[in-house]
Every structure is written in structure tokens, then in C-alpha cells.
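A.B. asks: Sequence:
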Amino acid sequence: MVDGRAQGEAAVSRRAFTFAHGVDPSSGRVTDIHSDLEGLDLRGKILFYPFGKGSTTASAWFLEAVRQGNAPAAVVTDNADLSVLIGSLLARSVYAKAIPILCTLPDARPSVRTGDRVEVDGSTGEIVVHKE
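Read left to right, the sequence shown gives residues 42 to 173 (our numbering).
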């Protein structure tokens, strides 16, 4: 969806996810009490989640996390999440920061757990997992 390469530690949610009121842009920490990643710092991580939820303002929240240097290094979703897609495209346009966004079905990618080291390529859709 958005090209670029990134590597980092995986942060894997099994629940719907949002940046709007769900991630503090000033710290990168997940603040959504309904998230299975609550309290986790997403800065520099490869974020996996099934689909987005909530407001279209999530794009602005994502973009603010990028501006403050607290965004994930990449996002991988099961279903297209327009909020992070738009936020990533704006980050590239406004701040010249590339945040790859991939959309892949769980059965079509390697198994990944929070803490695994991951490399992603938004151009090819390739995901490489280094188990810890």
C-alpha cells in the first residue's frame, strides 16, 4: 500500500486498533484501555493489527506521532486501514518520512509475535520474521 522498507521489533494486536485517542503522539504509548497493546511504546516498532476502528481523525493522530518521532516504523494490517494509509502518505509529503504500510492476510505471511524482530518491504509485501 505504501512502499518503503523498515525493520524493528514486532508489536502484534489481535484486536481492532486506532491511533485516535488510542496512541499518545507525544510518547508513542498505546493508551486505549481496550487494546491488547495498552501501555506498549510503538515508537520504531512494526505494528500488526487486523483492522482499524474509530474516527477518521486517526490519520491526524498518526501524522502527529510521526512529527514527534514516536510513530511505528511500519504498519501491517489484515484489511486496508485508510486512516494509517492517509497518515503515512501525508508523513511522506509533509515531513519526508517514509512509513511503509502493508496489507496482507494472516495466512499469507509468516507467524509473528510481539517481540520478534521483523523486516518489511512495502514495495514487495515481503515480511521476514527473526524469532527471538
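Read the hints as simulated data drawn from the structure, not as lab findings. Source: prediction; values computed, not measured. Where is the CB? At the ideal position from N, CA and C, for every residue including glycine. Worth double-checking, as some hints may not be accurate.
Stated by the list, open to error - DSBU-like cross-link-like pairs, simulated, lysine-lysine; straight-line CA separation at most 35 Å:
hint, residue 1, residue 2
1, Lys172, Lys94
2, Lys138, Lys94
3, Lys138, Lys172
To be verified - Taking CB as the label site, the calculated pair distances span:
hint, residue 1, residue 2, range
4, Thr165, Ile74, 32 to 40 Å
5, Asp148, Ser67, 30 to 38 Å
6, Arg158, Gly110, 31 to 39 Å
7, Lys172, Arg46, 30 to 38 Å
8, His171, Thr98, 18 to 26 Å
9, Thr145, Ser96, 30 to 38 Å
10, Ser164, Gly80, 31 to 39 Å
11, Phe92, Ser152, 16 to 24 Å
12, Pro147, His171, 17 to 25 Å
13, Thr165, Glu79, 12 to 20 Å
A.B. asks: Hint numbers the structure violates, sorted upward?
C.D. replies: 6, 7, 8, 9 and 13
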